[in-house]
Amino acid sequence: MEFLNLSFGQFVTLFGAVAAFSVALYLLDRTRRKQVVSTLRFWVQPGTAAPVTRRTRIQQPVSLLLQLIGMALLLLALAEFQFGGRQNARRDHVLVLDTSAWMGAALPRSPNRADATLMDLARANAIGWLRAVPASDRVLVVRADALATPVTAWEVDRRNVARAILESHPGATALNLSQSLQFASQLQRRSGSLPGEIVYVGPGRISAHEANNMSLPDIPAFRVLAIDDNVENSGLRSVNARRSADDTGTWDVVVRARNYGRRAKDVNVTLNFANVPQGARELNLPPGEERETTFTVHTRAAGILEARLYPKDAFGADNYAALELPELRSLHVTVYSNQPDILRPALTSDPRVVAEFRPNAPYMPRPGEENPGLIILHNFRPPAMPPGDVLWINPPVDNPPVPIRMRVNHPEGLKWMPDQPLTLGLRARDVQIETTSIFEPGPNDIRLAEVDKGPIMLARVSADGKNKTVIMGFDPFEGAMRYELATPLLLANVLRSAAPDVFRDLDVGTQSAGAVSMPLTSKLPVQVVTDSGANLPFNVRDKAVEFFVGESSRVSVIAGNSERVFSLTLPEMWDVKWTPPASARRGIPAWNDALRRNRDWWPFLATLGALVLIAEWIAYGRYSPLRLRVVKPRLERAA
Amino acid sequence: MPNLPNSPNEPLLDREFLERLERLAIHWQRSFAGLVGGHNRSRFAGGGQEFLDHRHFHQGDDLRAVNWRAYMRLDKMFLKMFQIEPRVPVRMLLDTSASMAAGTGEKFLFARQLAAALCYVGLVRLDTIQVLPFASQLREGQVSGGGRHRYRLVAEFLEALKPGGATGFLSVVRQYLNEYPQRGLVIVISDFLDESGCEKALQYLADYGNELMLIQLWTDDDRAPSWSGELDLTDAESGGHLRIQVDDEARRRYTEAFDAFSAGIKEVALRNEGKYTGLPTSMPLEEAIFGSMVRARSIA
Numbered sequence: 000m001e002f003l004n005l006s007f008g009q010f011v012t013l014f015g016a017v018a019a020f021s022v023a024l025y026l027l028d029r030t031r032r033k034q035v036v037s038t039l040r041f042w043v044q045p046g047t048a049a050p051v052t053r054r055t056r057i058q059q060p061v062s063l064l065l066q067l068i069g070m071a072l073l074l075l076a077l078a079e080f081q082f083g084g085r086q087n088a089r090r091d092h093v094l095v096l097d098t099s100a101w102m103g104a105a106l107p108r109s110p111n112r113a114d115a116t117l118m119d120l121a122r123a124n125a126i127g128w129l130r131a132v133p134a135s136d137r138v139l140v141v142r143a144d145a146l147a148t149p150v151t152a153w154e155v156d157r158r159n160v161a162r163a164i165l166e167s168h169p170g171a172t173a174l175n176l177s178q179s180l181q182f183a184s185q186l187q188r189r190s191g192s193l194p195g196e197i198v199y200v201g202p203g204r205i206s207a208h209e210a211n212n213m214s215l216p217d218i219p220a221f222r223v224l225a226i227d228d229n230v231e232n233s234g235l236r237s238v239n240a241r242r243s244a245d246d247t248g249t250w251d252v253v254v255r256a257r258n259y260g261r262r263a264k265d266v267n268v269t270l271n272f273a274n275v276p277q278g279a280r281e282l283n284l285p286p287g288e289e290r291e292t293t294f295t296v297h298t299r300a301a302g303i304l305e306a307r308l309y310p311k312d313a314f315g316a317d318n319y320a321a322l323e324l325p326e327l328r329s330l331h332v333t334v335y336s337n338q339p340d341i342l343r344p345a346l347t348s349d350p351r352v353v354a355e356f357r358p359n360a361p362y363m364p365r366p367g368e369e370n371p372g373l374i375i376l377h378n379f380r381p382p383a384m385p386p387g388d389v390l391w392i393n394p395p396v397d398n399p400p401v402p403i404r405m406r407v408n409h410p411e412g413l414k415w416m417p418d419q420p421l422t423l424g425l426r427a428r429d430v431q432i433e434t435t436s437i438f439e440p441g442p443n444d445i446r447l448a449e450v451d452k453g454p455i456m457l458a459r460v461s462a463d464g465k466n467k468t469v470i471m472g473f474d475p476f477e478g479a480m481r482y483e484l485a486t487p488l489l490l491a492n493v494l495r496s497a498a499p500d501v502f503r504d505l506d507v508g509t510q511s512a513g514a515v516s517m518p519l520t521s522k523l524p525v526q527v528v529t530d531s532g533a534n535l536p537f538n539v540r541d542k543a544v545e546f547f548v549g550e551s552s553r554v555s556v557i558a559g560n561s562e563r564v565f566s567l568t569l570p571e572m573w574d575v576k577w578t579p580p581a582s583a584r585r586g587i588p589a590w591n592d593a594l595r596r597n598r599d600w601w602p603f604l605a606t607l608g609a610l611v612l613i614a615e616w617i618a619y620g621r622y623s624p625l626r627l628r629v630v631k632p633r634l635e636r637a638a
Numbered sequence: 000m001p002n003l004p005n006s007p008n009e010p011l012l013d014r015e016f017l018e019r020l021e022r023l024a025i026h027w028q029r030s031f032a033g034l035v036g037g038h039n040r041s042r043f044a045g046g047g048q049e050f051l052d053h054r055h056f057h058q059g060d061d062l063r064a065v066n067w068r069a070y071m072r073l074d075k076m077f078l079k080m081f082q083i084e085p086r087v088p089v090r091m092l093l094d095t096s097a098s099m100a101a102g103t104g105e106k107f108l109f110a111r112q113l114a115a116a117l118c119y120v121g122l123v124r125l126d127t128i129q130v131l132p133f134a135s136q137l138r139e140g141q142v143s144g145g146g147r148h149r150y151r152l153v154a155e156f157l158e159a160l161k162p163g164g165a166t167g168f169l170s171v172v173r174q175y176l177n178e179y180p181q182r183g184l185v186i187v188i189s190d191f192l193d194e195s196g197c198e199k200a201l202q203y204l205a206d207y208g209n210e211l212m213l214i215q216l217w218t219d220d221d222r223a224p225s226w227s228g229e230l231d232l233t234d235a236e237s238g239g240h241l242r243i244q245v246d247d248e249a250r251r252r253y254t255e256a257f258d259a260f261s262a263g264i265k266e267v268a269l270r271n272e273g274k275y276t277g278l279p280t281s282m283p284l285e286e287a288i289f290g291s292m293v294r295a296r297s298i299a
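Residue numbers (numbering that gives the first Met the number 0), protein chains in the order written: chain A, 0 to 638; chain B, 0 to 299.
Here chain A stands alone, though its shape is the one from the complex:
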């Protein structure tokens, strides 16, 4: 005999309070009330009213007793009184249904199950367990992949639970078993009823990372409905494309494949770009091993790169991967100089720069170009300012773009402004500048470098913010400075500033959805954006960016000068098979076990309590037809 909702102490306390309140109300209700009336003559006529001859505090003890009994019965119903011990009490079970990507693997064909998947088998097992659960127990269904998602409340209605099971489908991510079981255990602790079983239905395929960090909660009643997934599968693990360092129009593509089966396999990997075959490779995959192969794709245009794995097997989702290659662009630089040879090595060393050299005289700007790229004016002043971004090296003293205060030979105290992207990485103070102009900067000019006498390098941004002009008062390609490291670094910063997209290190890859981690090489600000431009939440830990994507999508990680584009279209696969603990129960419970059940008594107790209170009201209520009748009156006169 026990209470499900209240402890015995709580029940006694609650009943005591209710009983005391009831007795107080009872006595108050039956307290004699004083009333001043106009006359007593109509009360003292025979048969009018019953006089009170004896005053007692409790005049109708049966009424009070019935009230207390009725309230005690209602409280017992509220406390869910039950006969028997806790073994017979109602319990709450959590069904953890594996919905990882691997659950979409097809089972070997048989006459009974054509085109059946692991998910179908898991659903059937879950329904079988559900039928064995006692009718009064509550069940909550959790779908488990990389995230644990509850799909029902605590349900007694088996139809809702079965519907949730049947509507479960494989996701795109791998199983995070420990997180799912901890979540289920937490739900069960907070349910308020006695904990029942936590049942895991699935093959138990987890990642190597999780296998190494597995921390299962302490589950007193853990049951595993194992799904036999002895199917042969090999699949693509990732497809990565990176711009070649040697050739701007070439992509280096790396394809990784894994054999998840128990037998060695020879597979073929084919690569297509824009539906044009780019090559095929044969891979020998030992069981449980991973191999990679490389391809080279020559293209500057954007397009879809597709990788396929043959022959097809039980799990087709990882036999195909596609990623979108962006267009490869270059920066056009027009150099107006009478000394092109001293500039040529610095500009032609980067394949992403297309340099065009023109003499200063006659000055012939390229007409009608909205975005002419970068224009370098070397020791020269054109009659009119060219459009677009301009690098002006050592402008003449006569009519300069910025007023020149003086010319200085061998200036001292060189200082680079550290907070400007144009001087990024420049720290050298002992750079030997032969001669330089000292500028009188305007209020909107940005100082990039200065010496003791004043600024020697400025930047100016147009009013609309689109074009930049960098003015150097010195010629870095002249004298000893030509051989300094600062010179190409300075030029590289100017080029990157003119076209940041062109110089960004681009890395495109396909891998599985779920938790993604990317190593970080710099401490620059990181941005993780989706195709639609929405920012994804991410975490930077241990020199790596970590974020989570629950479904197939395309995500870009931009960190400083590098951009990594993830086409998260491959399903997240497992690495190892989890072995359930020895204490875990196996299989669907026996039907006899399910028949040990009690019944709920609270509806009967509540009904009985209500009936007792109604009976008391009929017998003793103020407006009851059965109230006491009148007897002989008695008039007491005041003295």
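Keep in mind that the hints were calculated from the coordinates and are not lab data. What you are looking at is a predicted structure, and each value in this text was computed from that prediction instead of being measured. Hints may be right or wrong, so weigh each one.
[Said to hold, decoys possible] Each pair of labels, with its calculated beta carbon distance range:
(1) Val-17/A <-> Asp-220/B: 32 to 38 Å
(2) Glu-248/B <-> Gly-8/A: 46 to 52 Å
(3) Ala-614/A <-> Lys-199/B: 51 to 57 Å
(4) Ile-617/A <-> Tyr-203/B: 49 to 55 Å
(5) Val-17/A <-> Ser-225/B: 28 to 34 Å
[Unchecked claim] Calculated lysine to aspartate or glutamate pairs in the EDC-like style (CA-CA distance at most 20 Å, straight line):
(6) Lys-33/A <-> Asp-220/B
(7) Lys-33/A <-> Asp-219/B
(8) Lys-33/A <-> Glu-229/B
(9) Lys-467/A <-> Glu-439/A
(10) Lys-467/A <-> Asp-444/A
(11) Lys-33/A <-> Asp-247/B
(12) Lys-264/A <-> Asp-574/A
(13) Lys-311/A <-> Asp-114/A
(14) Lys-576/A <-> Glu-209/A
(15) Lys-33/A <-> Asp-231/B
(16) Lys-452/A <-> Asp-474/A
(17) Lys-33/A <-> Asp-246/B
(18) Lys-75/B <-> Asp-52/B
(19) Lys-265/B <-> Asp-206/B
(20) Lys-311/A <-> Glu-231/A
(21) Lys-265/B <-> Glu-255/B
(22) Lys-542/A <-> Asp-506/A
(23) Lys-467/A <-> Asp-500/A
Where is the CB? At the ideal position from N, CA and C, for every residue including glycine.
Guided by the hints, dock chain B onto chain A, whose structure is given.
Below, chain B alone, put in the same frame as chain A:
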């Protein structure tokens, strides 16, 4: 509920209500001898303008009233009698006993409002009404007459009245008959709750030739108490106590007894050609005057 004033300083009746009363007049059935100047015809002959009847001439009669034409034809002397509209003495007995103030006191307030309204009606019709408060004895009264502009005097008198004392109808009627022997209309506003009974005293009044206009007031609790359970009842006048247990049946019998009592009062009034009006205080004063009292032909 009557038109209860919001504060003690407010008048018993507001101006708008008084204006509505101006079309009413107090009516009585009997003919009383009285001075010329009233508005009700009397069967008593007098110095009026309207011919009433002939009678034989007796010695001492006024020769100016002899019908000389009839004497010439018939050789007998007939005297012409003329009808008068006398000013009949109207007296109002207003119950100020403690029972009128039992409970919330609404009965006493209602009685004073009703008395003020009747006085105003009389003032408008140039009737003279003497208001006589009473409990166990007659108290000092107030004469209301001389036109509507004298209403303020009687209103202040009624506002200043305080309830108290036991009701003694018999002693009050004896005192009244001694002090006011002239017959007339007697308006009694009371709850008629006298321990020794009031029917006998009212009969005395009628027997002495007065016309009775009985207005009985009661509160809802007076007629149909809402209490139940064990009660300690105290009589507002006598201070008597009664410990009693009340249920629905007891309340029903109580109401029957009260209705029988009211029927007895009404019977006294009707038996003596008077008028009876029973008014619960929950009834609005306007409805009491323009409805119940008009239907009872007490005023019209």
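Enumerated hints in conflict with the structure, sorted upward: Violated hints: none; all satisfied.
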